[in-house]
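Chemist: Take a look at the letters that make up each chain.
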Amino acid sequence: MRKYVLKRLLQCIPTLFGITVISFVVIHLAPGSPIGMQLNPKVSPRIVEQMRENYDLDKPMHVQYVLWLKRLFKGGLYSFKDGKPVLQKIGERLPATVVLNVVSVILIFGFAIPLGVFSATHRYSLLDNMGTLAAYVGISIPGFWLAYILILGAVKMFGVPVLGMRSFAVAELSFWQVSLDRIWHLALPSFILAVGGIAGISRYMRSSMLEVIQQDYIRTARAKGLREDEVYYKHALRNALLPIVTIIGFLIPGLIGGSVIVETVFAWPGIGRLAYQSVLSRDYPTVMTIMTISAVLVLLGNLAADVLYAVVDPRIRYPKR
Amino acid sequence: MKLKLVLLLIPGFIILILVASFFSSRKSLDKNINQLVIGSIGDASYLNPILSQDTASGDVNNLVFNGLLKYDKDLNLVGDLASSWKVTGGKEPVIVFNLRKGVKWHDGVEFTAEDVRFTFERVMDKKTNTVRRSDFELVKEVRILGRYKLRVRYREPFSPGLESWGIGIVPKHLLAGEDINTAAFNRHPVGTGPFRFKEWVSDEKIILVANDDYFEGRPYLDRIIFRIIPETSLSEIELLTGGIDYAGIYAHQYERMKANPDFRVYKRPSLGYTYIGYNLENPLFKDKKVRQALTYALAREEIVDYVLYGHGVAATGPFPNHMWYYNPQVMPYAYSPEKARQLLAEAGWTDSNGDGILDKEGKPFRFILITNSGNDVRRDIAVLAQRQWSKIGVEAIPRLYEWSTFLNSYINPKNFDACILGWSLSVDPDGYSIWHSSQIKDGFNFVSYRNEEVDRLLVLGRREYGKEKRRAIYHRIHEILAEEQPYTFLYVAEAMPVLSKKFIAVEQLDDKKIYRPIKMEKSGLMYDLIKWYVPQESSGISDQWSVR
Numbered sequence: 001m002r003k004y005v006l007k008r009l010l011q012c013i014p015t016l017f018g019i020t021v022i023s024f025v026v027i028h029l030a031p032g033s034p035i036g037m038q039l040n041p042k043v044s045p046r047i048v049e050q051m052r053e054n055y056d057l058d059k060p061m062h063v064q065y066v067l068w069l070k071r072l073f074k075g076g077l078y079s080f081k082d083g084k085p086v087l088q089k090i091g092e093r094l095p096a097t098v099v100l101n102v103v104s105v106i107l108i109f110g111f112a113i114p115l116g117v118f119s120a121t122h123r124y125s126l127l128d129n130m131g132t133l134a135a136y137v138g139i140s141i142p143g144f145w146l147a148y149i150l151i152l153g154a155v156k157m158f159g160v161p162v163l164g165m166r167s168f169a170v171a172e173l174s175f176w177q178v179s180l181d182r183i184w185h186l187a188l189p190s191f192i193l194a195v196g197g198i199a200g201i202s203r204y205m206r207s208s209m210l211e212v213i214q215q216d217y218i219r220t221a222r223a224k225g226l227r228e229d230e231v232y233y234k235h236a237l238r239n240a241l242l243p244i245v246t247i248i249g250f251l252i253p254g255l256i257g258g259s260v261i262v263e264t265v266f267a268w269p270g271i272g273r274l275a276y277q278s279v280l281s282r283d284y285p286t287v288m289t290i291m292t293i294s295a296v297l298v299l300l301g302n303l304a305a306d307v308l309y310a311v312v313d314p315r316i317r318y319p320k321r
Numbered sequence: 001m002k003l004k005l006v007l008l009l010i011p012g013f014i015i016l017i018l019v020a021s022f023f024s025s026r027k028s029l030d031k032n033i034n035q036l037v038i039g040s041i042g043d044a045s046y047l048n049p050i051l052s053q054d055t056a057s058g059d060v061n062n063l064v065f066n067g068l069l070k071y072d073k074d075l076n077l078v079g080d081l082a083s084s085w086k087v088t089g090g091k092e093p094v095i096v097f098n099l100r101k102g103v104k105w106h107d108g109v110e111f112t113a114e115d116v117r118f119t120f121e122r123v124m125d126k127k128t129n130t131v132r133r134s135d136f137e138l139v140k141e142v143r144i145l146g147r148y149k150l151r152v153r154y155r156e157p158f159s160p161g162l163e164s165w166g167i168g169i170v171p172k173h174l175l176a177g178e179d180i181n182t183a184a185f186n187r188h189p190v191g192t193g194p195f196r197f198k199e200w201v202s203d204e205k206i207i208l209v210a211n212d213d214y215f216e217g218r219p220y221l222d223r224i225i226f227r228i229i230p231e232t233s234l235s236e237i238e239l240l241t242g243g244i245d246y247a248g249i250y251a252h253q254y255e256r257m258k259a260n261p262d263f264r265v266y267k268r269p270s271l272g273y274t275y276i277g278y279n280l281e282n283p284l285f286k287d288k289k290v291r292q293a294l295t296y297a298l299a300r301e302e303i304v305d306y307v308l309y310g311h312g313v314a315a316t317g318p319f320p321n322h323m324w325y326y327n328p329q330v331m332p333y334a335y336s337p338e339k340a341r342q343l344l345a346e347a348g349w350t351d352s353n354g355d356g357i358l359d360k361e362g363k364p365f366r367f368i369l370i371t372n373s374g375n376d377v378r379r380d381i382a383v384l385a386q387r388q389w390s391k392i393g394v395e396a397i398p399r400l401y402e403w404s405t406f407l408n409s410y411i412n413p414k415n416f417d418a419c420i421l422g423w424s425l426s427v428d429p430d431g432y433s434i435w436h437s438s439q440i441k442d443g444f445n446f447v448s449y450r451n452e453e454v455d456r457l458l459v460l461g462r463r464e465y466g467k468e469k470r471r472a473i474y475h476r477i478h479e480i481l482a483e484e485q486p487y488t489f490l491y492v493a494e495a496m497p498v499l500s501k502k503f504i505a506v507e508q509l510d511d512k513k514i515y516r517p518i519k520m521e522k523s524g525l526m527y528d529l530i531k532w533y534v535p536q537e538s539s540g541i542s543d544q545w546s547v548r
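Sequences listed follow chains F and V, in order. Straight run, no breaks: the first sequence in the working numbering ends on number 321. Straight run, no breaks: the second sequence in the working numbering ends on number 548.
Chain F extracted, bound-state conformation:
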């Protein structure tokens, strides 16, 4: 197993290199330039030229790539937009994005698994049919639209601020109040992020559970005279959860990736917005670094999914060599 993981990790290196080269070329070939974006009539063209030079933008592309790589590892990689170290810039946005995504993952699993199990054990009942309908609605509804509706609803009905990470029109608060305030501000954005996931994974859970229930060993369990609850929650559910567990691996890149739409609509200071703004302002160092980090996470996430699968399901073995 350890050998397998090591081999997979080594395989990641050339893939990663390829990804960075391609992204670098694509970003730099896209029309536009990080300098002179303001269209400010008071700026003379000489200055713009001088700034291109200061940012090494006059050098050939391969030289710029090597410079970027060198600065990424040795430090000294600064954003074009505000002169901040790029890693610091990304690090500052990380907590907001991670908190939001972790909470939405908790919501996804907290609601999807019970929903799916209930639907499966009460198959074709009224509640199951309603759940099916709700799941289709949840998957197909556009997130930003639902977000606007919920924001308007919350504000018009309750008059409580919902945007951003905290309330601003507040005096000194106790720790407890601050925490509750933070949770309140987390509720809507994490729910919007989770809607699609709850809908999708509850369906997944339902079909997985149904499949298990029809197995022979469940019939055996029933034949032994076990109570229904015991059959479902002791014997069936554990096996039905196997495919769900592996999904966690695929969620890792999404945890850091952030979401442009949710972060913009809820004024949430996360990575998604940073990435989007950096693309618009052609902040090459920041865009490249975010892209590289996401690439690493996707590769690691895939690996984690494969490993998790082997861990939870003893039937799966990876080749020794």
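Careful, some of the hints might be misleading.
[As the list claims (entries may be wrong)] Here are some, though not all, of the chain V residues that point toward chain F, as calculated from beta-carbon distances under 7 angstroms:
1) Ile-10
2) Gly-12
3) Ile-17
4) Lys-31
5) Asn-34
6) Ile-229
7) Glu-238
8) Asn-408
9) Phe-444
No wet-lab data here; the hints were simulated from the structure. Positions of the beta carbon are idealized from the N, C-alpha and C atoms, including for glycine.
Guided by the hints, dock chain V onto chain F, whose structure is given.
Modeler: Quick look at chain V alone, frame taken from chain F:
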């Protein structure tokens, strides 16, 4: 069995926490805190007036730093860190600044002429990534004449350079020897202004607190928070919940906010205009009559009504009509499709093949009208212009491009027929970089406008310091540009800031305090920010509070 319980308890627990947090949040709201929360659409970049070029940073820097000069409420240049100043004309004009004595940086060190010269030197350093250098390129030297006195000598007369001394002065003792482009100072600024920097959380907020030692007296407000709300339509939501107190709004939100009893909506003509620029290198637009015809064929009042809901005025030339250099004699082109058709016929454009589109020598009058995406107002202008021009047999095809692509692939290489754009201007009328023929190659004269008289007047206007003489010069430029129509000058829009009514201004008269509502002046709303205050008792204004 236990598993079943867990599956039921988790969602139940989540819902419980949510309900608790809702009630707690609602209870802890307090709308009478003595602070101003400003909604800003983007995050600041550099909290350093030398490096910043975006409005988000500029708004913060204006409160943390002072320049030598500033514009007062009527847009007259007055002293800020300079207590007095004198311009002496001549071949090499000289400005002598006398600085305020006893002004302290926020860290307690005294401000002196050294700081001014240091700021100037950093701006002029090639390594500094600043666009401000353009404003100071004609400065020959800055000499210190004393601790509180310095002299600036220019290589040649350059009156627009005067307002450049409004640039925020940065402290030498904190920045000497640092790489200014990446210095930590840019995120923890120390200035001389009415508010001192406290905290900056990227993409979320910037907090400033009152400067107790401000040279014009401590501001009445305790705190100012700049909050980033990346969507203007959402700032309305935050205004309603008290999450922000001040924000700019779109024209379509005006009526709604005006009807709200908690807010005051202000209006002010913006310093700039929106236009359709014609590429004069294109044979279609070479003839002045054609350009005049295109302007005559546009119902600009209709455009203002549709895209700005009436909150703007049709422009007659390159100057907003509330400024001293605007020429009131210049008449707007009244909407007249007949006149447009007649002018086009005189220029040789007729519909000879009867397809509804004018043609000349077998070529139809068809061109591409470009603008940037993400700006709904400009997109709507393009559609309106297309429809209005189609009535006189001119076919315009609108196209939208992402901003950076738009600039670098179309505007800068002059690879366009006509474009919709806007200029934001400074208070000084100088339009050299936009209209002078020397600025065609790399400057902002991307429509390739050439006129010898305008060239001469632009140079003259920059060399002249007297306001009356300059007024005559810019009136003439206004006339010529209106006649020649290298642009169709569309409109000057109105800026519409919204402010919560809880704020009042405090005037100190002898030993009495007078309260008055906050007023919009030519220079905007914020010129007397240090007098703003939130009364601490909801039942009117209390006299009990004292100034801390």
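Chemist: Would you mind marking each hint as holding or not holding in the structure?
Modeler: Status of the hints after comparison with the structure:
A least Cβ separation of about 4 angstroms between Ile-10 (chain V) and chain F falls short of the 7 angstroms threshold, and the interface hint therefore holds. Hint status for Gly-12 (chain V): violated, given a least beta-carbon distance of 10 angstroms to chain F, over 7 angstroms. Annotation: interface hint on Ile-17 (chain V) holds; nearest CB of chain F at approximately 6 angstroms, less than 7 angstroms. Given hint, Lys-31 (chain V) at the interface with chain F, holds; its Cβ is 5 angstroms from that chain's nearest Cβ, closer than 7 angstroms.
About 10 angstroms separates the beta-carbon of Asn-34 (chain V) from the nearest beta-carbon of chain F, more than 7 angstroms, and the hint is not met. For Ile-229 (chain V), the interface hint holds, since its Cβ comes within 7 angstroms of a Cβ in chain F; the closest pair sits about 5 angstroms apart. Annotation: Glu-238 (chain V) was flagged as interfacial toward chain F, and the flag holds, the nearest CB pair being 6 angstroms apart, inside 7 angstroms. Interface hint at Asn-408 (chain V): satisfied, since its Cβ lies 5 angstroms from the closest Cβ of chain F, which is below the 7 angstroms cut-off.
For Phe-444 (chain V), the interface hint holds, the least distance from its beta-carbon to any beta-carbon of chain F being 5 angstroms, beneath 7 angstroms.
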